[in-house]
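Novice: Sequence:
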Amino acid sequence: MKKVLKLGLPKGSLQEATFKMFRKAGFHVSLPSERSYFPSVDDLEIEAVLLRAQEMSRYVQDGALDCGITGNDWVLENESDIATVTELVYAKQSLNKVRWVLAVPENGDIKSVKGLEGKRVATELVTTTKNFFKKNKVNVEVEFSWGATEVKVKAGLVDAIVELTETGSSLRANKLVEIATICESTTQFIANKVSYKDPWKRNKMEEIALLLKGAIAAEEKVGLKMNLRNKDLKKVIALLPSLKNPTVSNLYQKGWCAVETIIDVRIVRQIIPALKKAGAEGIIEYPLNKLIH
Numbered sequence: 069m070k071k072v073l074k075l076g077l078p079k080g081s082l083q084e085a086t087f088k089m090f091r092k093a094g095f096h097v098s099l100p101s102e103r104s105y106f107p108s109v110d111d112l113e114i115e116a117v118l119l120r121a122q123e124m125s126r127y128v129q130d131g132a133l134d135c136g137i138t139g140n141d142w143v144l145e146n147e148s149d150i151a152t153v154t155e156l157v158y159a160k161q162s163l164n165k166v167r168w169v170l171a172v173p174e175n176g177d178i179k180s181v182k183g184l185e186g187k188r189v190a191t192e193l194v195t196t197t198k199n200f201f202k203k204n205k206v207n208v209e210v211e212f213s214w215g216a217t218e219v220k221v222k223a224g225l226v227d228a229i230v231e232l233t234e235t236g237s238s239l240r241a242n243k244l245v246e247i248a249t250i251c252e253s254t255t256q257f258i259a260n261k262v263s264y265k266d267p268w269k270r271n272k273m274e275e276i277a278l279l280l281k282g283a284i285a286a287e288e289k290v291g292l293k294m295n296l297r298n299k300d301l302k303k304v305i306a307l308l309p310s311l312k313n314p315t316v317s318n319l320y321q322k323g324w325c326a327v328e329t330i331i332d333v334r335i336v337r338q339i340i341p342a343l344k345k346a347g348a349e350g351i352i353e354y355p356l357n358k359l360i361h
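Numbering (the working numbering), first residue to last: 69 to 361.
Think of the hints as simulated: they come from the structure by calculation, not from any bench. For glycine and all other residues, C-beta sits at the position ideal for the given N, C-alpha and C. Be aware that a few hints might be false.
[To be verified] Restraint-style ranges between C-beta atoms, simulated for each label pair:
no.	residue 1	residue 2	range
1	N204	K265	37 to 43 Å
2	S317	P341	21 to 27 Å
3	A216	G94	36 to 42 Å
4	G94	A306	32 to 38 Å
5	M69	K293	43 to 49 Å
6	A216	T249	17 to 23 Å
7	V316	K71	41 to 47 Å
8	K182	G236	40 to 46 Å
9	K198	T235	22 to 28 Å
Throw the hints in and build the complete structure from the sequences for me.
Specialist: Structure, rendered in structure tokens:
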């Protein structure tokens, strides 16, 4: 009997970023149509299904799925009893953590958490929000929001919102200002506890996790190769940030060597001219798919 791992992939804001990371990790993931909920994966040992991140931990916990990808905010919100395979730090637009923030009108009278005593707050993250206000000893009415949460303050329907933010642009566009962070969240590769005890399934999950983490680690890195005279080696090495040490090898031509390293993509435009001035030649920059530590 063929062994299969049932994997849940997040539908919605994390979908595109997740598909991208899987492709970089070496898995071709695609949807037969825009309305399909069953992605095809070029690995016969994986059966994938698209689910809202909000629901993922519930279906992983009850065993309908062996594993899935979701935010730890939804694991906490659903009070799920699951195993965490690994943390995958990426979001919709960046490789950063995201935050659930408490936001109020920027020109309003409410300036602090205490100022919301007796007020109404809308959010999708109801349980976590209630726990936050309980911890701060502030009595508020927390109501579930199905979406378009930012608009509800402007319309006068609620006094404040708790909303997920990555860049803060949506809050600013709706003239809202954050006054507290409710919680931080990162993307998690989670597993059903029984499935995780199965040696084959656990090994499969950990292989996928290793490749995904490698893809994420490589996301903001590039490789550099260059040739230089041995006499310029110290000057060039001094310019190179590296994971450990650059790789240096001798060339066939006497007195020359080749140097290879990995650097942050954000500094490559500053470092290449400096390397050229230090004596490097034949400089090649190349993208990375995976970086396995």
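Novice: Now tell me, hint by hint, if it's right for this structure.
Specialist: Hints, one by one, checked against the model:
1. N204 <-> K265: 37 to 43 Å: holds (39 Å)
2. S317 <-> P341: 21 to 27 Å: holds (24 Å)
3. A216 <-> G94: 36 to 42 Å: Between A216 and G94, where Cβ atoms are some 38 Å apart, the hint holds.
4. G94 <-> A306: 32 to 38 Å: holds (36 Å)
5. M69 <-> K293: 43 to 49 Å: Given about 48 Å between the Cβ atoms, the range holds.
6. A216 <-> T249: 17 to 23 Å: 22 Å Cβ-Cβ, so the 17 to 23 Å window holds.
7. V316 <-> K71: 41 to 47 Å: Cβ of V316 to Cβ of K71: about 45 Å, so the range 41 to 47 Å holds.
8. K182 <-> G236: 40 to 46 Å: Given a distance of about 23 Å, which is not inside 40 to 46 Å, the answer is violated.
9. K198 <-> T235: 22 to 28 Å: Check passed, 27 Å falls within 22 to 28 Å.
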